[in-house]
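Heads up: the sequence lines are chains A and B, in that order. Residue numbers for the first sequence follow my numbering, so the first one is 195 and each next one is one higher. Residue numbers for the second sequence follow my numbering, so the first one is 195 and each next one is one higher.
Hints were generated in silico from the structure; no laboratory data involved. Incorrect hints may appear among the rest.
Note that identical chains are pooled: a pair holds if it fits in a single copy or bridges any two copies.
[What the hints assert, rightly or not] Here are the simulated SDA-like pairs of lysine to any residue, each with C-alpha atoms no more than 20 Å apart in a straight line:
{"id": "1", "residue 1": "273", "residue 2": "411"}
{"id": "2", "residue 1": "196", "residue 2": "534"}
{"id": "3", "residue 1": "322", "residue 2": "299"}
{"id": "4", "residue 1": "521", "residue 2": "426"}
Protein chains: 2
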Amino acid sequence: MKKIRLFTPGPVMVPEDVMLEMARPMDHHRTASYREMHKELHELLRYLFQTQATCLTFTGSGTSAMEGVIVGCCPPGSKALVVQNGKFAERWVKVCNTFGIDHTALDIEWGHGAKPGDIQKALDADPKLDTVIVVHSETSTAARSDVEGIAKITRDRGMLLLVDGITAVGAIPVKMDAWGIDAYVTGSQKAMMLPPGLAFAAVNDRAWERIDSGKTPTLYNDLKAYRKSLDTFDAPYTPNVPLIRGAKFVLEGVKERTLEGIWTETAMLAKATRAAAEAMGLKVFAADPVDSVTAMVVPEGVDEAALRKTMRSKHGFQIAGGQGDLKGKIVRFSHMGYVDAFDTLGVLAALELCLQEQGFRLEMGSGLAAAQRVFTEAMK
Amino acid sequence: MKKIRLFTPGPVMVPEDVMLEMARPMDHHRTASYREMHKELHELLRYLFQTQATCLTFTGSGTSAMEGVIVGCCPPGSKALVVQNGKFAERWVKVCNTFGIDHTALDIEWGHGAKPGDIQKALDADPKLDTVIVVHSETSTAARSDVEGIAKITRDRGMLLLVDGITAVGAIPVKMDAWGIDAYVTGSQKAMMLPPGLAFAAVNDRAWERIDSGKTPTLYNDLKAYRKSLDTFDAPYTPNVPLIRGAKFVLEGVKERTLEGIWTETAMLAKATRAAAEAMGLKVFAADPVDSVTAMVVPEGVDEAALRKTMRSKHGFQIAGGQGDLKGKIVRFSHMGYVDAFDTLGVLAALELCLQEQGFRLEMGSGLAAAQRVFTEAMK
Numbered sequence: 195m196k197k198i199r200l201f202t203p204g205p206v207m208v209p210e211d212v213m214l215e216m217a218r219p220m221d222h223h224r225t226a227s228y229r230e231m232h233k234e235l236h237e238l239l240r241y242l243f244q245t246q247a248t249c250l251t252f253t254g255s256g257t258s259a260m261e262g263v264i265v266g267c268c269p270p271g272s273k274a275l276v277v278q279n280g281k282f283a284e285r286w287v288k289v290c291n292t293f294g295i296d297h298t299a300l301d302i303e304w305g306h307g308a309k310p311g312d313i314q315k316a317l318d319a320d321p322k323l324d325t326v327i328v329v330h331s332e333t334s335t336a337a338r339s340d341v342e343g344i345a346k347i348t349r350d351r352g353m354l355l356l357v358d359g360i361t362a363v364g365a366i367p368v369k370m371d372a373w374g375i376d377a378y379v380t381g382s383q384k385a386m387m388l389p390p391g392l393a394f395a396a397v398n399d400r401a402w403e404r405i406d407s408g409k410t411p412t413l414y415n416d417l418k419a420y421r422k423s424l425d426t427f428d429a430p431y432t433p434n435v436p437l438i439r440g441a442k443f444v445l446e447g448v449k450e451r452t453l454e455g456i457w458t459e460t461a462m463l464a465k466a467t468r469a470a471a472e473a474m475g476l477k478v479f480a481a482d483p484v485d486s487v488t489a490m491v492v493p494e495g496v497d498e499a500a501l502r503k504t505m506r507s508k509h510g511f512q513i514a515g516g517q518g519d520l521k522g523k524i525v526r527f528s529h530m531g532y533v534d535a536f537d538t539l540g541v542l543a544a545l546e547l548c549l550q551e552q553g554f555r556l557e558m559g560s561g562l563a564a565a566q567r568v569f570t571e572a573m574k
Numbered sequence: 195m196k197k198i199r200l201f202t203p204g205p206v207m208v209p210e211d212v213m214l215e216m217a218r219p220m221d222h223h224r225t226a227s228y229r230e231m232h233k234e235l236h237e238l239l240r241y242l243f244q245t246q247a248t249c250l251t252f253t254g255s256g257t258s259a260m261e262g263v264i265v266g267c268c269p270p271g272s273k274a275l276v277v278q279n280g281k282f283a284e285r286w287v288k289v290c291n292t293f294g295i296d297h298t299a300l301d302i303e304w305g306h307g308a309k310p311g312d313i314q315k316a317l318d319a320d321p322k323l324d325t326v327i328v329v330h331s332e333t334s335t336a337a338r339s340d341v342e343g344i345a346k347i348t349r350d351r352g353m354l355l356l357v358d359g360i361t362a363v364g365a366i367p368v369k370m371d372a373w374g375i376d377a378y379v380t381g382s383q384k385a386m387m388l389p390p391g392l393a394f395a396a397v398n399d400r401a402w403e404r405i406d407s408g409k410t411p412t413l414y415n416d417l418k419a420y421r422k423s424l425d426t427f428d429a430p431y432t433p434n435v436p437l438i439r440g441a442k443f444v445l446e447g448v449k450e451r452t453l454e455g456i457w458t459e460t461a462m463l464a465k466a467t468r469a470a471a472e473a474m475g476l477k478v479f480a481a482d483p484v485d486s487v488t489a490m491v492v493p494e495g496v497d498e499a500a501l502r503k504t505m506r507s508k509h510g511f512q513i514a515g516g517q518g519d520l521k522g523k524i525v526r527f528s529h530m531g532y533v534d535a536f537d538t539l540g541v542l543a544a545l546e547l548c549l550q551e552q553g554f555r556l557e558m559g560s561g562l563a564a565a566q567r568v569f570t571e572a573m574k
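The following block holds chain A by itself, in its conformation from the complex (with noise of 0.2 Å):
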């Protein structure tokens, strides 16, 4: 007997109910029962990003969502910062220049969230820049951005602020009105445990204005269609019904366990991860960690593609490697989806074992204890 355990930041575990709740007879979508549903599930997605702006749900990955907030955004006359801190930050420069949208990268060391005072002196030196694009939570470093702080400068200046919340959104606070984010982006994937295959964009008053003052240069991710058929609950294309009766199934348990207790259970396990990483002498990579996902450095002497190998092979724990310059350097583990302190003991007890049979000296247990210190603490 060997189970699979995902601990990759997206596709998560998924909850059987929900699994089963998605596997219910197909129905249609021009029907009253999916516009109650959809309805339904957009007040949830408004609880979800903490807004009362319209919430879009895409057929498509998060970078569906994202490549059409950015190029709704951005018309032509305007020109974007973008942060470029890893991986995910890079495709949003890839997609300003395959939509040739004027833009400036303003490069972060990976591993390093976007600070305020980044911003600020990106800002001040062209006078052009009138949007900033920045990742909260970049999966590919796991760095978090300060985009609360961020958002206080672009809102001063009458700026829009377009935020890629993929493994934010569900897992760390995202307080979109009360922060000033105009437009919100997150996948079925991540925090929402479910199957790929949906993504969701909030988009508010402030970002709509920017959107109808241009021509979207897409089709299928022209976000002004979804939200004409938000009119009648709709969708402008055949959307993805199970996910979407996933998707109300799962957010009305969010609901009930609350954002702010989903917030520091999964603080607790990246938390609890940390100090096992360091009790086992390893180095978390990211110098400002997000709670969402955790990379640790892989020490000298360990082969990161055999680790991860026997991590599945012998143990069943499915994690994520590094991409990009970092491929072969960190090792990624997941906090969010159906996930809990036990399965992470787990995970780090499958990680114990795999460094030691590489040779890599570290006094057995040592982790799990760190990790249970902080659950033990934290459960109190």
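Using the hints provided, position chain B relative to the given structure of chain A.
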């Protein structure tokens, strides 16, 4: 007790074992098992499209793949002839307008398919045209275009032929390589009898040559990124893993039943439905009827909205109405997905009951008997 039965031309009914196959525990996509599954799916898609071309899998609706095909195959300098004979055909004109693609829309009366003569004439009139875009089965009118005949012309002239096969592929004869179609698109929620959420595009070398000659003005639907990821049977953006597992599962069944067997069965359901309509005194709308969906003209004195409503509320049958100018004028019945002769007798029985309830005079059972005669002949 009331069973809900979908007779809408997508989403369609999905077999219970397919839903449960997709409800199996989530797995990650950057794994050997995903790549193996994707590789097998790719071979099965080649069977489905009857091609040796590259088959790309998008997480999105059919519109996403069709947008990718059109913008990729129509770089600046090219000019497309877009047949416009229904709501979906109109959408491809809209894609051309959105992306600034030079094109001519060829209007053909709704309910009619495009014929080789129409295309020949239009091409003769404008030597700048180098691409033809046509819908094989126009779902909004239930009309079939002669893409085999059209392909002879485009092939002779060295042009590209891009075909929306969304309600054609897997339902009616489609022979991409034998006919010489350059790009064919379908979606998961039609003849593949899956939920919505995936789209597939088969793209041949002639099309790739054109695509590689230009710069694609989209990121999420960029065919090149999907082709590149196929080198390792990967995906450029997080794919809908359960639906991909479902697609492989369904197509294994399709191969076992054989495409020819499915085409014959679908044609039988369509023939029976058309015979039933005639026996009930109803007119089939399309002049060139397709076998994947049948549109009937709503007779004088019958309220289409009320008819469809009662079909669902009283008898559990979800059928489709008309779109655009056909709203209120036709009703449509699917012959795709998890539907057989006995289900079809059910929807025809419900239709007789609802027509009578609205005061339409017909001999009860006449439609059923006509359908049964077709089934009797076919099942000999």
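20 Å Cα cut-off: does residue 322 pair with residue 299 within a copy, between copies, both or neither?
-> within (14 Å within a copy, 40 Å between copies)
Indicate which option fits the pair residue 196, residue 534 if close means a Cα-Cα distance not exceeding 20 Å: within, between, both or neither.
-> Result: close within a single copy only, 19 Å intra versus 40 Å inter.
Have a look at residue 521 and residue 426 and pick one of within, between, both or neither, based on CA distance no larger than 20 Å.
-> between (46 Å within a copy, 17 Å between copies)
Using 20 Å as the alpha-carbon threshold, which applies to residue 273 and residue 411: within, between, both, or neither?
-> both (16 Å within a copy, 18 Å between copies)
The structure shown violates none of the earlier numbered hints.
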